[in-house]
Amino acid sequence: MNYETILVDYHDDLATITFNRVDKRNAINDQLLVEINHVMDVLEKEESNRFLVLQGQAGVFCTGMDFDQVTQDILSGHPLRFNAKDYMATLKRFNSTSKVVIAKVDGRVLAGGVGIVAACDLVFATQQAQFGLSEALWGLLPANVMPFLIRRVGYQKAYTLTLTTQNISAQTAYDIQLVDILADNLDDALQSVLKNLRRVSGNTVAEMKSFFKKMWIIDETMENAAMDELQKLIQSPMVLDNIKNFVLHQQLPWDKEK
Amino acid sequence: MNYETILVDYHDDLATITFNRVDKRNAINDQLLVEINHVMDVLEKEESNRFLVLQGQAGVFCTGMDFDQVTQDILSGHPLRFNAKDYMATLKRFNSTSKVVIAKVDGRVLAGGVGIVAACDLVFATQQAQFGLSEALWGLLPANVMPFLIRRVGYQKAYTLTLTTQNISAQTAYDIQLVDILADNLDDALQSVLKNLRRVSGNTVAEMKSFFKKMWIIDETMENAAMDELQKLIQSPMVLDNIKNFVLHQQLPWDKEK
Amino acid sequence: MNYETILVDYHDDLATITFNRVDKRNAINDQLLVEINHVMDVLEKEESNRFLVLQGQAGVFCTGMDFDQVTQDILSGHPLRFNAKDYMATLKRFNSTSKVVIAKVDGRVLAGGVGIVAACDLVFATQQAQFGLSEALWGLLPANVMPFLIRRVGYQKAYTLTLTTQNISAQTAYDIQLVDILADNLDDALQSVLKNLRRVSGNTVAEMKSFFKKMWIIDETMENAAMDELQKLIQSPMVLDNIKNFVLHQQLPWDKEK
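Chains as they are written, first to last, in the working numbering: chain A, 15 to 272; chain B, 15 to 272; chain C, 15 to 272.
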């Protein structure tokens, strides 16, 4: 498969997906989700591959839903190609695969990008990382992010990030446990952890993920509530207007209202 | 309505309730809960009002259940006017209203006062703030506080605070996420956060609160368990004796037992 | 009863169990669980006893399941004497007894030892303490530890400790709330906390523990899932081989595979 939205590199037991939509600040469109899942299909046939690293570029990791694509769909009358179900299914897949899924963050993470990070098994970040949930500014909510973010940072921090829409620094993200390892050189830090991780078999990783589902509160009801919420909000005329006006006229929702 | 237990100030999009029972160290009696709810009735008819700030005085925010009123009721044979249901309903209302509810804490917070703080959307505090759950000393439990405190600080810290009955400093409260923003000047700190919060619509705040209920473990069963527990304990003769002996004779339960 | 695996000391209102299998690094065998429960039987008939302290020696607190005993059972064809049910029942008992159960940790805590610590009401530790979940290295999981560890440190930290199998320092354990009080002199630190704890009656402690069960997610389904998982894994031929090869030949699972 020729990938349009990602670069893929295989090296020993480690595969690396680099988000490669630099002109779109690595926003998530339908194709990106398809391609991530395609890589995982390949990996899951390769027992010798043990690790999947997700990264962006220096400066930007992933900035969430692709508003340009949403606007194209609005203008052309095309049903929205963004689908809460595909996004949720991808995050859930990180939590059932026998591969250890690792985020390497060296820049901005926004909205749905925070969900990708939060769903990873391990999160490495540099001081250049920053994280923010901007959804509420548009009348949206980071609904599908929440099960994964709450599991990582607790209810209240996830709630406060949603409500205030403020960005937090890498250090703060580390303090609240959104980031596991904060380092200047992410490759060195990763190699040091891999040494231990290679002693745990892929079967044990898969068993672990399956077992941990029974130790926490995320269930199908919660997942469906999250998906339904996002599908509802993303179809609201006000939200679609907010997105379209921003993409076409750089008009921000809170300026419009004044 | 003429308020007996609070002062209310309206300024632009922000309403401020100041607990005003200084001689009772801002203890919670039935009237205080009625009056808070009355202010919320008023606010919820005013779409232009967006924020509700709760505060006490320098030195004391709120010290929980009004033991003087409990003692009056015991002596007069009056059914207890304190009602776990009214207290719980008030905290729950903070979590469903479209207003952003904010605690500004510049002094002591005890027992049921901790529940008020924990249920707020955002908690600002100065270094003069301190927090403690003294209930167990009286044979009571901070039952109605728990769903909200556990949601904020996690199970174990809520448990430890209950068991040890020890006060914690503002800094510790910040470290365990009972306090969101620690600042010398709470008004400046608040204004800085309000700038962002004003960009999120009231409808989105209400939608957010409704959605977040589906992302966490508090349900009707848990709320009822909490209310039933408090109603049970507050009717126990030993507890009533402990309270009465303290109010009338300044006798502490642990001195009595020796 | 003559204890083989522990030393027991009674002093005023405080009982101390010292794990006393120094040559086995205080590993948990069936007898250790029987003896802890026997002490609790005794204590629960003594209302005047209020506190139960668990400790090891300087250097080692408890290192989890006794692999030597498992290996003996494998070689002799004896059904495994280690039983997930007895282990879980002991931890659960800490959470229902009217005694305040306190861990004093001055050394290494591994695997099932971490569960004992996590289930205690209060955890005191020196800087010599360290904590690690080594199970996954053997193809096992700290299944019965998880309900108690997640309750203390949150889902993600418990997951990461399980996945990476890395030891953490006393300071890190304190930062993530596995340790409540970090001190050089544990006896002084304990006495200081006991002063407050003595003001809370045993009845209130028992009521508290019973009430807190309703405020969190551990239920019979989760407990059974944890016990079933451990029973399943500990009977897997690969795991038994890993344990046996280590005990008899000091062969580590990850060396074998290479």
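Fair warning: there could be bad hints in the mix.
Copies of the same chain look alike in the list, so a pair counts if it works inside one copy or between any two.
Below, a list of computed lysine-lysine pairs in the DSS-like style, where the Cα atoms sit at most 27 angstroms apart [stated by the list, open to error]: (1) Lys-223 - Lys-38; (2) Lys-106 - Lys-223; (3) Lys-227 - Lys-38; (4) Lys-59 - Lys-106; (5) Lys-99 - Lys-227.
Hints are computed from structural coordinates only; laboratory data are not their basis.
Verification of the hints:
Proximity of Lys-223 and Lys-38 under a CA criterion of 27 angstroms is satisfied in neither setting, with 33 angstroms inside one chain copy and 31 angstroms between copies. When the C-alpha separation of Lys-106 and Lys-223 is checked against a cutoff of 27 angstroms, the pair qualifies both within a copy, at 10 angstroms, and between copies, at 24 angstroms. For the homomeric pair Lys-227 and Lys-38, neither the shortest alpha-carbon distance inside one copy (34 angstroms) nor that between copies (34 angstroms) is at most 27 angstroms. In this assembly of identical chains, the alpha carbons of Lys-59 and Lys-106 lie at most 27 angstroms apart only when taken from the same copy (18 angstroms versus 42 angstroms across copies).
When the C-alpha separation of Lys-99 and Lys-227 is checked against a cutoff of 27 angstroms, the pair qualifies both within a copy, at 19 angstroms, and between copies, at 21 angstroms.
In this structure, the earlier hints numbered 1 and 3 are contradicted, and the remaining ones agree with it.
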